[in-house]
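J.: Residue numbers (the working numbering), protein chains in the order written: chain A, 2 to 52; chain B, 5 to 572.
Think of the hints as simulated: they come from the structure by calculation, not from any bench. Watch out, some of these pointers could steer you wrong.
Said to hold, decoys possible - Example chain A residues on the side facing chain B (calculated, C-beta under 8 Å, incomplete):
| no. | residue |
| --- | --- |
| 1 | E18 |
| 2 | L23 |
| 3 | V33 |
| 4 | L34 |
| 5 | N36 |
| 6 | I41 |
| 7 | F44 |
| 8 | T45 |
| 9 | F47 |
| 10 | T48 |
| 11 | F51 |
| 12 | R52 |
Treat the numbers as computed from the prediction; the structure is a model and nothing was measured. Heads up, the beta-carbon is just placed ideally off N, CA and C, and yes, glycines get one too.
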Amino acid sequence: MTIDNNIKEKMRTENEEPPPVLKSWKNLYLLVLGNLLFWIILFTFFTWLFR
Amino acid sequence: MSAIDWTVLIVSLISIVVYGVWKGRGSKDIKGYLMADRNIRWYIVALSVMATQASAITFLSTPGLAYSDGMRFVQFYFGLPIAMVILCIVAIPIYHKLNVFTAYEYLEKRFDLKTRGLAAILFLIQRGLAAGLTIYAPSIIISVLLGLNIYFTNLVIGVLVIIYTASGGSKAVSWTQTKQMIIIMSAMVGAFFMILYLLPKDVSFTDALFVAGKMGKLNAIDFSFDLSNRYNIWSGVIGGLFLALSYFGTDQSQVQRYLTAKSVTHSRLGLLTNGLVKVPMQFFILLIGALVFVFYQFTTPPLFFNTVESQGVRDSQWGKEYRIIEGQYQKASQEKTHWVQRLVQARHQGDKIQLESVDQRLKQAEKEVIELRNKGVLLIQKHSANEDVSDTNYIFLSFVLKYMPIGLLGLIIAAIIAAAMSSTSSELNALASTTVVDIYKRMMKKTASDRHYLVTSKLLTVVWGIFAILFAQFGNRLGTLVEAVNILGSLFYGTILGIFLVAFFLKFIRGAAAFYAAIFAEIGVVLCFLFSDISYLWYNVVGSLLVIIFSLPINYFLQQRNNRQTTV
Numbered sequence: 002m003t004i005d006n007n008i009k010e011k012m013r014t015e016n017e018e019p020p021p022v023l024k025s026w027k028n029l030y031l032l033v034l035g036n037l038l039f040w041i042i043l044f045t046f047f048t049w050l051f052r
Numbered sequence: 005m006s007a008i009d010w011t012v013l014i015v016s017l018i019s020i021v022v023y024g025v026w027k028g029r030g031s032k033d034i035k036g037y038l039m040a041d042r043n044i045r046w047y048i049v050a051l052s053v054m055a056t057q058a059s060a061i062t063f064l065s066t067p068g069l070a071y072s073d074g075m076r077f078v079q080f081y082f083g084l085p086i087a088m089v090i091l092c093i094v095a096i097p098i099y100h101k102l103n104v105f106t107a108y109e110y111l112e113k114r115f116d117l118k119t120r121g122l123a124a125i126l127f128l129i130q131r132g133l134a135a136g137l138t139i140y141a142p143s144i145i146i147s148v149l150l151g152l153n154i155y156f157t158n159l160v161i162g163v164l165v166i167i168y169t170a171s172g173g174s175k176a177v178s179w180t181q182t183k184q185m186i187i188i189m190s191a192m193v194g195a196f197f198m199i200l201y202l203l204p205k206d207v208s209f210t211d212a213l214f215v216a217g218k219m220g221k222l223n224a225i226d227f228s229f230d231l232s233n234r235y236n237i238w239s240g241v242i243g244g245l246f247l248a249l250s251y252f253g254t255d256q257s258q259v260q261r262y263l264t265a266k267s268v269t270h271s272r273l274g275l276l277t278n279g280l281v282k283v284p285m286q287f288f289i290l291l292i293g294a295l296v297f298v299f300y301q302f303t304t305p306p307l308f309f310n311t312v313e314s315q316g317v318r319d320s321q322w323g324k325e326y327r328i329i330e331g332q333y334q335k336a337s338q339e340k341t342h343w344v345q346r347l348v349q350a351r352h353q354g355d356k357i358q359l360e361s362v363d364q365r366l367k368q369a370e371k372e373v374i375e376l377r378n379k380g381v382l383l384i385q386k387h388s389a390n391e392d393v394s395d396t397n398y399i400f401l402s403f404v405l406k407y408m409p410i411g412l413l414g415l416i417i418a419a420i421i422a423a424a425m426s427s428t429s430s431e432l433n434a435l436a437s438t439t440v441v442d443i444y445k446r447m448m449k450k451t452a453s454d455r456h457y458l459v460t461s462k463l464l465t466v467v468w469g470i471f472a473i474l475f476a477q478f479g480n481r482l483g484t485l486v487e488a489v490n491i492l493g494s495l496f497y498g499t500i501l502g503i504f505l506v507a508f509f510l511k512f513i514r515g516a517a518a519f520y521a522a523i524f525a526e527i528g529v530v531l532c533f534l535f536s537d538i539s540y541l542w543y544n545v546v547g548s549l550l551v552i553i554f555s556l557p558i559n560y561f562l563q564q565r566n567n568r569q570t571t572v
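Excised from the complex, chain A in its bound form:
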């Protein structure tokens, strides 16, 4: 397998680069999963409220 060293180096530094918001990728992933949990709780409440 041959990988261009420049690309490899670019990707290595880019993976370490934080996203433009929330300082780290981990925080951004937690935001997405938290958002899902929020909607599930809201829909459960919605289903219960209008059952």
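Please arrange chain B on chain A, whose structure you already have, making use of the hints.
T.: Same frame as chain A, but now just chain B:
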């Protein structure tokens, strides 16, 4: 439709095509044509990924599903945000690092050529057929309700897509999808507010939700665990996760969208935005369907929304019987409207005892209406000699055509066609990429000029477009379209995902083991489909797990054999 609606429709569609051709000009090689020079920003990636998934089926069938089955379909999307996070961590860095054009190219680097070829061919079969359905879905409904010829409608949608996708490639696809998403979302928001406006003056938004809830349409969450139940939270989170992992991680029509991004960061942000927005967006579309249902509690709906089928049975030997049922259905619906109005009044008065008694009467009235509708549907089934006759896909557009004001009607129809075009363009672009990069360039003509591959890519886009148009003619043999596409996808996705999971996480598994495991797994999935009651969402889980499970002993066996041969 009025002249204004036709003008809105035609101007919207032509402007999309012209914009696509203009934005896609200037590609000199296949990197530019298939990968948009890897220069797309994250918000365009996000809109492009969303537009690829949100086909016309989404906007026609989804409100219809909420109308007939309630909102539980939303659970189908619960696995998606989790899949987005997993793909951002695992797949995106690898795809970018290896600088691949297609997801299957990675499989050769990790395994061997035959595993790459198998995954590519499974994708071509599955996506090639689905592209036909993506065109057919809006065509049949628009044709029936506007009285147009289905062949003509298929042709118009197909040709419009082919023009800008073949000429501009990936750049044209991504840029037109941003405009298409704007048209689609404006139309859906417009439809939402218009439905609220069309409700009786004394019925507020919360009254409408109350009525929908009492009639079992706001069942968004179901915690019961049942393998044969298509939509509950477990099938949504687990089955939906596997389906989303397969679709976004291994289906070239999606992979290509985020591989056009400028960098890993832009690909990741595009997918994560999709993970944030998708669930509420689907909920909103389903809510529109539930509100259409509430609207029809105050206005008598047709017994059957597919006007061609209902007119056909009226003109047949069962016509007299059908008309009698239609008359009874109208009376029963009016009776039901009376009880719905009483229910709203009781709610306004806060009278719990009256609420309970009215609720009981309403449920009886609803039962009577459903029985009469079933009798009518039975006659339609006899007339058309088809047991799978369904009008779910016709409900929303039938409502739109009858009750939406001038201008908004044209915009909604433009949105539905734009949605069909956006998905189809991604599909054609991906089909052409896979055929050129994984099959033609890798296995048939390894050394040719860039210009040769560019022309071949354009030609293959046209060929796949023609194939999709031709297949669209067979779409009427399938049931509820949104489910048909998902079932078709699930038959292959599990196996493809299994290959990728083995590639990503089981580093000691060799190519031959992955290949044979995939063949056995696909046979297992087809057997499940033919001989079990397991809901299709679980096929992805079954297929993936089978590949993983089979690959372990096969790999062990092949290694033992190699060791023996080496010793000898």
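J.: Hey, does the F47/A contact hint survive, CB to chain B under 8 Å?
T.: At about 6 Å, which falls below the 8 Å cut-off, the nearest Cβ of chain B leaves the hint on F47/A intact, so it holds.
J.: Was the hint right that N36/A lines chain B, CB cutoff 8 Å?
T.: holds, 5 Å
J.: Report holds or violated for the interface hint on I41/A, using the least CB-CB distance to chain B and a cut-off of 8 Å.
T.: At 7 Å from the nearest chain B Cβ, I41/A passes the 8 Å test, so the hint holds.
J.: Should the hint that F51/A touches chain B count as held when the rule is a Cβ pair under 8 Å?
T.: It holds, given that the least Cβ distance between F51/A and chain B is near 3 Å, below 8 Å.
J.: Taking the closest Cβ pair, is V33/A under 8 Å from chain B?
T.: holds, 4 Å
J.: Quick check on L34/A please, does its C-beta sit within 8 Å of some C-beta on chain B?
T.: holds, 6 Å
J.: Minimum Cβ distance from T45/A to chain B below 8 Å?
T.: holds, 5 Å
J.: Should the hint that T48/A touches chain B count as held when the rule is a Cβ pair under 8 Å?
T.: holds, 5 Å
J.: Does the closest beta carbon of chain B sit nearer than 8 Å to the beta carbon of F44/A?
T.: Holds: closest Cβ of chain B sits about 4 Å from F44/A, inside 8 Å.
J.: For the hint on R52/A, does the least C-beta distance to chain B fall short of 8 Å?
T.: Because about 6 Å separates R52/A from the closest Cβ in chain B, which is inside the 8 Å limit, the hint holds.
J.: Going by Cβ atoms only, is E18/A closer than 8 Å to chain B?
T.: holds, 6 Å
J.: Grab the minimum C-beta distance from L23/A to chain B and call the hint holds if it beats 8 Å, violated otherwise.
T.: violated, 10 Å
Of the numbered hints stated above, the single one contradicted by the structure is hint 2.
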